[in-house]
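Counting in our numbering, the sequence shown runs without a single skipped number right up to 378 at its last residue.
Do not take every clue at face value.
In silico DSSO-like pairs for lysine-lysine, Cα to Cα no more than 27 Å straight-line [what the hints assert, rightly or not]: (1) 351 to 306; (2) 374 to 351; (3) 252 to 351; (4) 354 to 252; (5) 255 to 351; (6) 306 to 255; (7) 309 to 252; (8) 252 to 306; (9) 354 to 306; (10) 255 to 374; (11) 337 to 309; (12) 374 to 354; (13) 314 to 255; (14) 314 to 337; (15) 337 to 374.
The calculated label-pair distances, taken between Cβ atoms and stated as ranges, are [unchecked claim]: (16) 313 to 339: 32 to 40 Å; (17) 374 to 315: 26 to 34 Å; (18) 372 to 302: 38 to 46 Å; (19) 345 to 316: 19 to 27 Å; (20) 372 to 254: 21 to 29 Å; (21) 221 to 369: 15 to 23 Å; (22) 321 to 262: 21 to 29 Å; (23) 240 to 376: 31 to 39 Å; (24) 341 to 301: 31 to 39 Å.
These are computed hints drawn from the structure, not numbers from a lab.
All C-beta atoms, glycine included, are put in the ideal place defined by N, C-alpha and C.
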Amino acid sequence: IEGIHTSFVYGGTPGTVFCWHVEDYHMYSANYQIDGASKVWYMVPPKYIKNFLQHQHDILQFKSSKKIPLSCPQFLHHQSVINSEQGLSLEKDTWEEYQYKCYKYIQNKGDMIITWPGVYYSGINTGWNLNKAVNFGTQNWLEEAKRYKPCDCMNDPVLKIDWEEIEVKIREN
Numbered sequence: 206i207e208g209i210h211t212s213f214v215y216g217g218t219p220g221t222v223f224c225w226h227v228e229d230y231h232m233y234s235a236n237y238q239i240d241g242a243s244k245v246w247y248m249v250p251p252k253y254i255k256n257f258l259q260h261q262h263d264i265l266q267f268k269s270s271k272k273i274p275l276s277c278p279q280f281l282h283h284q285s286v287i288n289s290e291q292g293l294s295l296e297k298d299t300w301e302e303y304q305y306k307c308y309k310y311i312q313n314k315g316d317m318i319i320t321w322p323g324v325y326y327s328g329i330n331t332g333w334n335l336n337k338a339v340n341f342g343t344q345n346w347l348e349e350a351k352r353y354k355p356c357d358c359m360n361d362p363v364l365k366i367d368w369e370e371i372e373v374k375i376r377e378n
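All chains should be modelled from the sequences, with the hints used to inform the complete structure.
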């Protein structure tokens, strides 16, 4: 399905980051490191998302002159940078205060990282690297995907999905 099963190649440069986000429609994603320096990933499992998002919202409300509504289900899409206070390597006392956990993974050449539906993640490239990534869905993913809510306060570029077409294609395979 165009826009879902289309793979992308990413070139990482030293110190570049990918900001906190969740895959559109809570899809699975597979990221394979072809070559280069390590990529550090930070992931928050779905069972902690409500608390994690409250923490991120509190930081952004404090730092931003433009108030971002927590009611927007994808308010982190409004961010194009990571504030130093927001950070990538969240401190354990912050996890405890907001009652969530964040896990760190180091990806090296030849490693594949799979993100599960609903996982928020971010990361940093420790040097030059080359990765290939693709989104995918399974029959088990369909119900989770239907609960996804795109941004409702700006023109969200998220692919619009025809659920009947998706269900037919998944069941055919």
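Each hint tested on the structure:
1. 351 to 306: holds (25 Å)
2. 374 to 351: Answer holds: residue 374 to residue 351 is near 16 Å, not above 27 Å.
3. 252 to 351: holds (18 Å)
4. 354 to 252: Holds, at about 17 Å.
5. 255 to 351: Distance ~18 Å between residue 255 and residue 351 Cα, so the pair holds.
6. 306 to 255: Holds - the C-alpha atoms of residue 255 and residue 306 are around 11 Å apart, at most 27 Å.
7. 309 to 252: Cα-Cα ~17 Å, so holds.
8. 252 to 306: holds (9 Å)
9. 354 to 306: Measuring from Cα to Cα gives roughly 23 Å; hence the hint holds.
10. 255 to 374: Violated. Residue 255 to residue 374 sits at ~32 Å, over the 27 Å cutoff.
11. 337 to 309: holds (20 Å)
12. 374 to 354: holds (22 Å)
13. 314 to 255: violated (33 Å)
14. 314 to 337: holds (11 Å)
15. 337 to 374: Holds. Residue 337 to residue 374 sits at ~24 Å (cutoff 27 Å).
16. 313 to 339: 32 to 40 Å: violated (19 Å)
17. 374 to 315: 26 to 34 Å: holds (31 Å)
18. 372 to 302: 38 to 46 Å: holds (41 Å)
19. 345 to 316: 19 to 27 Å: Roughly 24 Å apart at Cβ, these two residues keep to the hinted range, so it holds.
20. 372 to 254: 21 to 29 Å: Since residue 372 and residue 254 have Cβ atoms about 25 Å apart, the given range 21 to 29 Å holds.
21. 221 to 369: 15 to 23 Å: Check failed, 39 Å falls outside 15 to 23 Å.
22. 321 to 262: 21 to 29 Å: Check passed, 23 Å falls within 21 to 29 Å.
23. 240 to 376: 31 to 39 Å: The hinted range 31 to 39 Å holds for residue 240 and residue 376, with Cβ atoms some 37 Å apart.
24. 341 to 301: 31 to 39 Å: holds (34 Å)
In summary, the structure is inconsistent with hints 10, 13, 16, 21 from the numbered list given earlier, while agreeing with the others.
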